[in-house]
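Protein chains in written order, with this note's numbering: chain A, 1 to 298; chain B, 299 to 565.
No lab work stands behind these hints: they were computed from the structure. Each residue gets a CB set at the ideal place from its N, CA and C atoms; glycine is no exception. One thing to keep in mind: the hints can contain errors.
Claimed, not checked - Have a look at the derived ranges for each label pair, beta carbon to beta carbon:
1. A/Ala49 with B/Pro470: 50 to 58 Å
2. A/Trp204 with B/Pro430: 55 to 63 Å
3. B/Ala304 with A/His139: 23 to 31 Å
4. B/Leu479 with A/Leu151: 37 to 45 Å
5. B/Arg388 with A/Phe286: 21 to 29 Å
6. B/Pro430 with A/Ile115: 33 to 41 Å
7. B/Arg388 with A/Ser202: 43 to 51 Å
8. A/Ala49 with B/Arg524: 44 to 52 Å
9. B/Ser344 with A/Ser202: 49 to 57 Å
10. B/Arg461 with A/Ala49: 14 to 22 Å
11. B/Gly467 with A/Leu38: 49 to 57 Å
12. A/Thr197 with B/Arg453: 27 to 35 Å
Here is how the chains run, residue by residue.
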Amino acid sequence: MSVNPLPAYPARPAGWTRSLSEQGRNPLGLLLLAPMLLWIAVFFVFPTAWMIWQSFAERGLQPYAAILTSPIYLKVLMTTLKICVITTIGCLILGYPVAYVLTIAKPRTRAILLILVVLPYWLDFIVRSYSWMILLGRHGLINQLIMGIGLSQSSLPLLYNLFSVSIGMIQILLPLTILTLFSTMIRIDRRLIDAATIHGASPWRAFLTVFLPLSLPGVYAACLLLFVSALGFYVTPALLGGPEQTMISQTIMVIASDLLDWPLASAAGVLLLIVTTSLLLVYSRFFRLDRMLGGMAR
Amino acid sequence: MKTTGAIAVNGFAGAVLIFLLFPVLVVVLISFSSVDFLSFPPPSLSLRWYRTIFSSWEWIDAFLLTLQVGALTALLSTLLGVPAAFALSRHLKGGQGFVNALVLAALVTPPIIKAISIYLYYVPFGLLNTVPGLAFAHTVSGIPFVVINVVAGLRGYDRDLERAATIHGASPLRAVLGITLPLIAPSIIVGAVFAFMQSAQELLIAMFVLGTLEKPLAVKLWEGVRVAIDPSLAAATTSVTVLAVLGLVTVMLAGRRTRVTRVAVRG
Chain A
1 MSVNPLPAYP ARPAGWTRSL SEQGRNPLGL LLLAPMLLWI AVFFVFPTAW MIWQSFAERG
61 LQPYAAILTS PIYLKVLMTT LKICVITTIG CLILGYPVAY VLTIAKPRTR AILLILVVLP
121 YWLDFIVRSY SWMILLGRHG LINQLIMGIG LSQSSLPLLY NLFSVSIGMI QILLPLTILT
181 LFSTMIRIDR RLIDAATIHG ASPWRAFLTV FLPLSLPGVY AACLLLFVSA LGFYVTPALL
241 GGPEQTMISQ TIMVIASDLL DWPLASAAGV LLLIVTTSLL LVYSRFFRLD RMLGGMAR
Chain B
299 MKTTGAIAVN GFAGAVLIFL LFPVLVVVLI SFSSVDFLSF PPPSLSLRWY RTIFSSWEWI
359 DAFLLTLQVG ALTALLSTLL GVPAAFALSR HLKGGQGFVN ALVLAALVTP PIIKAISIYL
419 YYVPFGLLNT VPGLAFAHTV SGIPFVVINV VAGLRGYDRD LERAATIHGA SPLRAVLGIT
479 LPLIAPSIIV GAVFAFMQSA QELLIAMFVL GTLEKPLAVK LWEGVRVAID PSLAAATTSV
539 TVLAVLGLVT VMLAGRRTRV TRVAVRG
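With the rest of the complex left out, here is chain A:
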């Protein structure tokens, strides 16, 4: 077991072009890769490039100017970023202790806990948001509880606000958080913590000075992944949020399917794409793909 939970990412040679020419000596790799690359090119890269082209084709830069100067669209953008930050922080606070417990648990307990963590991950987004509508509604279970123990006389407005959107999104993204953190933590050599304890550190101190710093790469990776995932949310803010919590995907949907203004929708899509792509480039430099989701199977 290596001490460093994240061995250095395979250093990229002088450039992607050079590394491509290096494949010439061993074409098997490229041959096996080619069908997938071709598929992603035809059904993902080309359509995206086509969308970028469409955003300029009819009216030039006008759609971009329209978005960047409109207070409404800028407000949606700010709201989206705000909800993403809240969701990311919430997920990390709730997810870190669970990932830690998973790491130190005995294999049998860990297997059961992992099933419980992954279970909601298999449920439809729509279903999970729907269940919060039932729970947080005026006559929902939470309000019944609050009134039952006398915290409030009347039912509280728990639904269709920032609170309900955040709760819903945190619940949906928690399994991803826990699995990402766990896949880093499980690689930390636990003997280092024992060593710290033997030399007189309290368990808390050993955690703070040894375990926590070693788990930080996982935390950063989770941050980026959560933020990018949260950016694209559509169903949850639409079901659990009010008009004040409109996120960018909903706005693009309205522009495309109600206003039928494709250049404007494409331009908004391009702006969203720029944000996600730059975050992804950072992510892929620091985190290996096969670590994602802890390689789900194991």
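Assemble the complex: chain A is given as a structure, and chain B must be docked to it using the hints.
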């Protein structure tokens, strides 16, 4: 050695797990409700909403459509993703960074971007309103699940087994097909099931590509959820959940069987 700190951490983790699982429990219980409205806990239990769902052709058609699109997506993702995973973990000399970034982008690019771009792109090709058209688009997001899992599976795989086969006269291709693929089968299955599930749950691309003529389950749920005042949706969603759990159990069993085989092979 239970310190108060350890108890606190365990308690917190337990609370988070309840937060994670409680909404699931709510939907499952409500699907067995006997009354016409969404009250939790339901006053008494019945199967009436399952009868409603499974006697409606609209819902059955939605199930079948989702099954078709999902199966084609899982098949294509596996055929494309498994060779790519082998290339990534064994045969590439550099360039992994680029491929990883591309696969990751295919996974987490916001669905609304994929939906709008594929819609504009499909218009001239006549792929709108077709089942393969939707599956082709879903395959883009399915491939990463297969690649991630198979790469992880290959990392944990002892390549000496394959070398042993080659030494005993098997061609490299035969060694991979006969030894390696069966042993990493659980990883492939998990990847394929995840590819299926993401297709079954995908909403935006489905709405844009299929329009409003044909509705897979996700679109039907989405339309229902905004007007639903009875528990039929909970029954429909629970059915999907059962499908997912069955998939999970299949995978777990497959994993257990192979672990036994692996031990057996190692002697």
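* Among all the numbered hints in the text so far, which are the ones the structure does not match? -> Per hint list: 1, 3, 4, 8, 10, 11 violated.
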